[in-house]
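Student: Just so you know, the sequences run in chain order A and B. Under the working numbering, think of the first position of the first sequence as 1, with each following residue one higher. Under the working numbering, think of the first position of the second sequence as 1001, with each following residue one higher.
Simulated from the structure, these hints should not be mistaken for lab results. There may be inaccurate statements among the hints.
Derived EDC-like pairs: lysine to aspartate or glutamate, alpha-carbon spacing no greater than 16 Å straight-line [stated by the list, open to error]:
#, chain 1, residue 1, chain 2, residue 2
1, B, Lys1060, A, Asp204
2, B, Lys1055, A, Glu228
3, A, Lys265, B, Glu1049
4, B, Lys1029, B, Asp1016
5, B, Lys1060, A, Asp217
6, A, Lys27, B, Glu1012
7, A, Lys26, B, Glu1015
8, A, Lys231, A, Asp175
9, A, Lys20, B, Glu1015
10, A, Lys6, A, Asp338
11, A, Lys27, B, Glu1015
12, A, Lys268, A, Asp245
13, B, Lys1060, A, Asp203
14, A, Lys94, A, Asp66
15, B, Lys1055, A, Asp217
16, B, Lys1060, A, Glu220
17, A, Lys20, B, Asp1016
18, A, Lys142, A, Asp204
19, A, Lys142, A, Glu11
20, A, Lys273, A, Glu243
21, A, Lys265, B, Asp1047
22, A, Lys231, B, Asp1047
23, B, Lys1029, B, Asp1061
24, A, Lys142, A, Glu212
25, B, Lys1055, A, Glu220
26, A, Lys142, A, Asp203
27, A, Lys26, B, Asp1016
28, A, Lys231, B, Asp1051
29, B, Lys1029, A, Asp204
30, A, Lys265, B, Asp1051
31, A, Lys20, B, Glu1032
32, B, Lys1029, B, Glu1015
Since the structure is predicted, the reported quantities are computational estimates derived from the model, not experimental observations.
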Amino acid sequence: MPSLEKCIDDEVDLFGGNEKQIARLKKTIGLDRRRVVEPGTTAADLCETAARRLMVAMDLQPTHIDTVICVTQTPDYSQPCNAAVLHGRLDLPKSCAALDVNLGCSGYVYGLWLAHMMVSAGGCERVLLLAGDTISQIVNPKDRALAPLFGDGGSATLVQRSEVEAQAWFSLQTDGKGFDRLIVPAGGQRAPSSRETQAEVVDDAGNVRSAENLFMDGAEIFNFSIVEEPKAVRDLVDYAEVELDAVDYFVFHQANRYILSNIAKRLKIDPSKVPMQTVERYGNQSSASIPSALCGELGEQLCSPGTRRVLLSGFGVGLSWASVLLDLSQLSVCEIVDCTTSD
Amino acid sequence: MSLQRFIEDFEEAVEDIEPNSLTAATNFKALEAWDSLAVLTVIAMVDAEYDLRLKADILKDCDTLEALYARVTG
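Isolated chain A (complex conformation):
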């Protein structure tokens, strides 16, 4: 986590002094505090801090890592990929493969899928999965629809071969026709950066953004989330021949409390099985939100003895959504650590 904390109560000016609107957002969406980076700190820095903590906790040497996967939409450079940059910073061996996955809120599960396949196919003993984003840096601070929503975060997960046999069921889906519902329209090759793309424009609702800032069609993303997520979860448990009630925890991408409670309501699942407080503590952390909930809200439960059946599910930019059903026993989960790096 970045150490800088912002609170929506301190941003009354962004809402034109409308304290009622802030109260509604706090009560219904669950917005409150969020962690954001200082300029100069990147997702790679956050992921490096997480990776170093994990390597100490697992007594892991750089030479033990066969592949490093970085999931991010906010890399340090358009080239090379973050995985190569972090490969160097973590002193990983030349025999270690390194690649990025350009996905956001569904990306952690996609990363787990890749790591799981690499290990289960026999090609890798250990895969280091680094998922993190600094979405706060691509949101216009004057966009009151998005600015109070997003926080930043980085995570590190080790997927390694084990003698314990445990099955995992994955479901990965895409609707590319919705690619423009959640997008940074300019700054890539399709619409290169220019004075025009950097110009701030005020939309009908009074939100300010440029074509190089993140745009989200909130209504359509909400529709997408409450329609596709419950269906994906039901289809996955059916495929795995597991009863919905037999799942101990449903860890969704921590978009916001309102979306999560609507998904839980449609699935008719016990809300106590659905962590949904991460966003009010840290903000929507994109690809880092699921590991953030695992280490924060569920850390103690996952470290205690016994096996838990956990369903992880991410959804967002793409449009893309992905779920995995896992049996986890005595998972080693580190605490959340602050990242103070800025260089």
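Use these hints to put chain B onto chain A, whose structure you have.
Tutor: Same frame as chain A, but now just chain B:
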């Protein structure tokens, strides 16, 4: 299902709206409480009560609650 019931559902869905304060002719987008959050809560209400995926374009096209009700039930 009736227009009156829809207006009541709308009043309940949007925070800070008093019961019995709206009519069929109310321009809901001119309400002080109409914001991006209200869009979500109305979409969720229509999905739950009327089993319809309310597209953002429909909300953009309509001004009065009567017009919105016609699109939801049409």
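Student: Please work out if A:Lys94 and A:Asp66 have their alpha carbons no farther apart than 16 Å.
Tutor: Holds - the C-alpha atoms of A:Asp66 and A:Lys94 are around 9 Å apart, at most 16 Å.
Student: Checking one constraint from the list: CA of B:Lys1055 to CA of A:Asp217, max 16 Å. Satisfied?
Tutor: Satisfied, since the Cα-Cα distance of roughly 11 Å is no more than 16 Å.
Student: Does B:Glu1015 lie within 16 Å of A:Lys27 when you go C-alpha to C-alpha?
Tutor: holds, 10 Å
Student: Given the hinted pair B:Lys1029 and B:Asp1061, is their alpha-carbon gap at most 16 Å?
Tutor: holds, 11 Å
Student: Straight-line Cα separation of A:Lys231 and B:Asp1047 no greater than 16 Å?
Tutor: With Cα atoms ~14 Å apart, A:Lys231 and B:Asp1047 stay inside 16 Å; holds.
Student: Given the hinted pair A:Lys26 and B:Glu1015, is their alpha-carbon gap at most 16 Å?
Tutor: Holds, at about 12 Å.
Student: Given the proposed pairing of A:Lys20 with B:Glu1032, does the C-alpha separation stay at or below 16 Å?
Tutor: holds, 10 Å
Student: Against the 16 Å threshold, does the CA-CA distance of B:Lys1029 and B:Glu1015 hold or violate the hint?
Tutor: holds, 14 Å
Student: Is it true that the CA of B:Lys1029 sits at most 16 Å from the CA of A:Asp204?
Tutor: Holds, at roughly 12 Å.
Student: Could you grab the alpha-carbon distance between B:Lys1060 and A:Asp217 and see if it respects the 16 Å cut-off?
Tutor: Holds, at about 13 Å.
Student: Sort out whether B:Asp1016 lies within 16 Å of A:Lys26, counting only the CA atoms.
Tutor: Given that 16 Å is the threshold and the Cα spacing comes to 13 Å, the pair holds.
Student: Going straight from one Cα to the other, do A:Lys265 and B:Asp1047 come out at no more than 16 Å?
Tutor: holds, 12 Å
In summary, the structure agrees with every hint in the numbered list given earlier.
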